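The primary structure of each chain is shown beneath.
Number of protein chains: 2
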Amino acid sequence: MERSRSARHAVTSRTIEENAVRLVLEHGLDAVTVDMICEAAGISQRTFFNHFPTKIDAIVGAAGPKVDEAAVRRFLASSSPDLVGDLLELVMHLAPGDPSNPGLMEARWRLITTTPALLQLEMDRMISVQREMVDILVMRLTRHANSGETPEEIRDQADLLSHLVAGMIRFSIEAPGPRRMPGPINLERTRAVLRQLLPKLVD
Amino acid sequence: MERSRSARHAVTSRTIEENAVRLVLEHGLDAVTVDMICEAAGISQRTFFNHFPTKIDAIVGAAGPKVDEAAVRRFLASSSPDLVGDLLELVMHLAPGDPSNPGLMEARWRLITTTPALLQLEMDRMISVQREMVDILVMRLTRHANSGETPEEIRDQADLLSHLVAGMIRFSIEAPGPRRMPGPINLERTRAVLRQLLPKLVD
DNA sequence: ACAGACAATTACAGTCCCTGCACTTTGAGA
DNA sequence: TCTCAAAGTGCAGGGACTGTAATTGTCTGT
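Protein chains in written order, with the numbering used here: chain F, 1 to 203; chain V, 1001 to 1203.
Simulated from the structure, these hints should not be mistaken for lab results.
Because the structure is a prediction, the values reported are computed rather than measured.
One or more of the hints may lead you astray.
Unchecked claim - List of simulated lysine-lysine pairs, DSBU-like, C-alpha gap at most 35 Å:
{"id": "1", "chain 1": "F", "residue 1": "Lys66", "chain 2": "F", "residue 2": "Lys55"}
{"id": "2", "chain 1": "F", "residue 1": "Lys200", "chain 2": "V", "residue 2": "Lys1200"}
{"id": "3", "chain 1": "V", "residue 1": "Lys1066", "chain 2": "F", "residue 2": "Lys66"}
{"id": "4", "chain 1": "V", "residue 1": "Lys1055", "chain 2": "F", "residue 2": "Lys66"}
{"id": "5", "chain 1": "V", "residue 1": "Lys1055", "chain 2": "V", "residue 2": "Lys1066"}
{"id": "6", "chain 1": "V", "residue 1": "Lys1200", "chain 2": "V", "residue 2": "Lys1055"}
{"id": "7", "chain 1": "V", "residue 1": "Lys1200", "chain 2": "F", "residue 2": "Lys55"}
{"id": "8", "chain 1": "V", "residue 1": "Lys1066", "chain 2": "F", "residue 2": "Lys200"}
{"id": "9", "chain 1": "F", "residue 1": "Lys55", "chain 2": "F", "residue 2": "Lys200"}
{"id": "10", "chain 1": "F", "residue 1": "Lys66", "chain 2": "V", "residue 2": "Lys1200"}
{"id": "11", "chain 1": "V", "residue 1": "Lys1055", "chain 2": "F", "residue 2": "Lys200"}
To be verified - Using C-beta positions, here's what the derived DEER-type ranges look like:
{"id": "12", "chain 1": "F", "residue 1": "Arg46", "chain 2": "V", "residue 2": "His1009", "range": "34 to 44 Å"}
{"id": "13", "chain 1": "V", "residue 1": "Arg1143", "chain 2": "F", "residue 2": "Ala40", "range": "51 to 61 Å"}
{"id": "14", "chain 1": "V", "residue 1": "Arg1046", "chain 2": "F", "residue 2": "Thr150", "range": "55 to 65 Å"}
{"id": "15", "chain 1": "V", "residue 1": "His1009", "chain 2": "F", "residue 2": "Leu121", "range": "43 to 53 Å"}
{"id": "16", "chain 1": "F", "residue 1": "Ala10", "chain 2": "V", "residue 2": "Asn1050", "range": "39 to 49 Å"}
{"id": "17", "chain 1": "V", "residue 1": "Ser1013", "chain 2": "F", "residue 2": "Ser128", "range": "15 to 25 Å"}
Unchecked claim - Covered stretches of chain F (chain V as the covering partner; in silico rule of three or more C-beta atoms under 8 Å from a C-beta of chain V):
{"id": "18", "segment": "16 to 29"}
{"id": "19", "segment": "38 to 46"}
{"id": "20", "segment": "49 to 63"}
Ideal placement from N, C-alpha and C gives every residue a C-beta, glycine not left out.
Starting from the given sequences, assemble the full structure and let the hints guide the process.
Now the structure itself:
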């Protein structure tokens, strides 16, 4: 059992994560205690909390969703007037965590989508990318800005828009219909409803 | 100290709430334990949890924000084409809890707005009115629907719109500038930014 | 190769939030 | 007045999480 120090740390984290997800899939969120996960993973409770700050983190993954860099570049390069369409494309590429363990990732999504409390939580985490999105939106809006708009106004618009996008994400998650796996986004439906709704909002 | 039974219950709740808010204002959220609140209120811990399901509930109030009935009636009666404007008016009348104790209410807002964790939490509670808003939006959208739209489409639109409104609320709370007291909504700013932004979203 | 720095892990004790249960007290209705 | 339900209490315990000191094994410089 000779392993490098950091490798040993990583393998312990993986073991914890895998056992946490498996146990919760089997018994449900509330029925699984940290002690159960520790025993299954063969570690002490203290070690558990050295790897993950909370029980939830071990279950849903410590790293939240991130925006895909390539998708951001495409979004910024696009000169299409269809800002909303481009935006939805960008949101669709929210990477749902570390893709190095496809099996774990898939199991996690099954777990999250079948546990209301976890779905709510993951929704909040997805929406937290809204913060990083503001700067991206500022760039895009600046390129297509009307003359006479100040940078402050642009930033306000980007800020508000990022919150509207967060709303779209929530709708996409809750809306029924086919989803892109392993993510929960229902893109087509959202796009269709938006096309009907938006014209009604401008007077 | 002879009081009717239910009145005694109410006064205990009030005592707990007042001491909870006061102590957290003095010492901060994490530094105040349930035991401290109980001692200050002169009750047992068990009684505390008979009145409030969690420590947080005693601090921010068990009843979340509600939409104002009169505002809803006005919103539905309006025939203005400015749906967004009417919507913001409606949102502005989110009642921030029981108005029977103005002092407590004011102290709570001071507490919530100065404690990031509580602000985040209260934001979630305000946004939960989004659920009740869907039915209201269905009525309004039905009255101004284009011919050929099915009830299902209308409901989808209302659902998405309610999520967009939730985004507006978040923006309103975070946006700097004057707020309506004791609520956190910055109405004018949101309206102005929306007027600039929305035309850019329709192609 | 050896010693010391250092990282991963552990056992243990303790805090805090919260719950279930059995019990007492007290006010309200018959 | 008698009775019963509601309000409150005491206690025992579960479960998440933290601080600390100790242990084990690995890395680094010489």
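Hints and how they fare:
1. Taking the CA atoms of Lys66(F) and Lys55(F), the gap is about 21 Å. The hint holds against a cut of 35 Å.
2. Distance hint between Lys200(F) and Lys1200(V) is fulfilled; the C-alpha atoms sit about 14 Å from each other, no more than 35 Å.
3. For the given pair, Lys1066(V) sits about 34 Å from Lys66(F) by alpha-carbon distance, which is consistent with the 35 Å threshold.
4. Restraint check for Lys1055(V) and Lys66(F): satisfied, since their Cα atoms lie roughly 33 Å apart, inside the 35 Å limit.
5. With a C-alpha separation of about 21 Å, the suggested pair Lys1055(V) and Lys1066(V) falls inside the 35 Å cut-off, and the hint holds.
6. Straight-line distance between C-alpha atoms of Lys1200(V) and Lys1055(V) comes to about 45 Å, which puts the hinted pair past the 35 Å bound.
7. This hinted pair does not check out: Lys1200(V) and Lys55(F) have alpha carbons roughly 43 Å apart, beyond 35 Å.
8. The suggested pairing of Lys1066(V) with Lys200(F) holds, with an alpha-carbon distance near 26 Å, which does not exceed 35 Å.
9. Restraint check: the Cα-Cα separation between Lys55(F) and Lys200(F) comes to about 45 Å, which exceeds 35 Å; the hinted pair is violated.
10. Straight-line distance between C-alpha atoms of Lys66(F) and Lys1200(V) comes to about 26 Å, which keeps the hinted pair within the 35 Å bound.
11. Of the pairs offered as hints, the one joining Lys1055(V) and Lys200(F) is violated, with about 43 Å between alpha carbons and a cut-off of 35 Å exceeded.
12. Restraint check, Arg46(F) to His1009(V): a C-beta distance of roughly 43 Å satisfies the suggested window 34 to 44 Å.
13. Evaluation of the 51 to 61 Å hint for Arg1143(V) and Ala40(F) yields a pass: the beta carbon distance comes to about 57 Å.
14. Under the hint 55 to 65 Å, the C-beta atoms of Arg1046(V) and Thr150(F), about 58 Å apart, fit the expected range.
15. Under the hint 43 to 53 Å, the C-beta atoms of His1009(V) and Leu121(F), about 34 Å apart, miss the expected range.
16. About 47 Å separates the C-beta atoms of Ala10(F) and Asn1050(V), a value consistent with the hinted range of 39 to 49 Å.
17. With their beta carbons about 35 Å apart, Ser1013(V) and Ser128(F) fall outside the hinted range of 15 to 25 Å.
18. With a cut-off of 8 Å between beta carbons, the segment 16 to 29 of chain F has 0 residues touching chain V; three or more are needed, and the interface restraint is violated.
19. Taking a C-beta to C-beta cut-off of 8 Å, the segment 38 to 46 of chain F contributes 0 residues in contact with chain V, too few for the three needed, and the coverage statement is violated.
20. Taking a C-beta to C-beta cut-off of 8 Å, the segment 49 to 63 of chain F contributes 0 residues in contact with chain V, too few for the three needed, and the coverage statement is violated.
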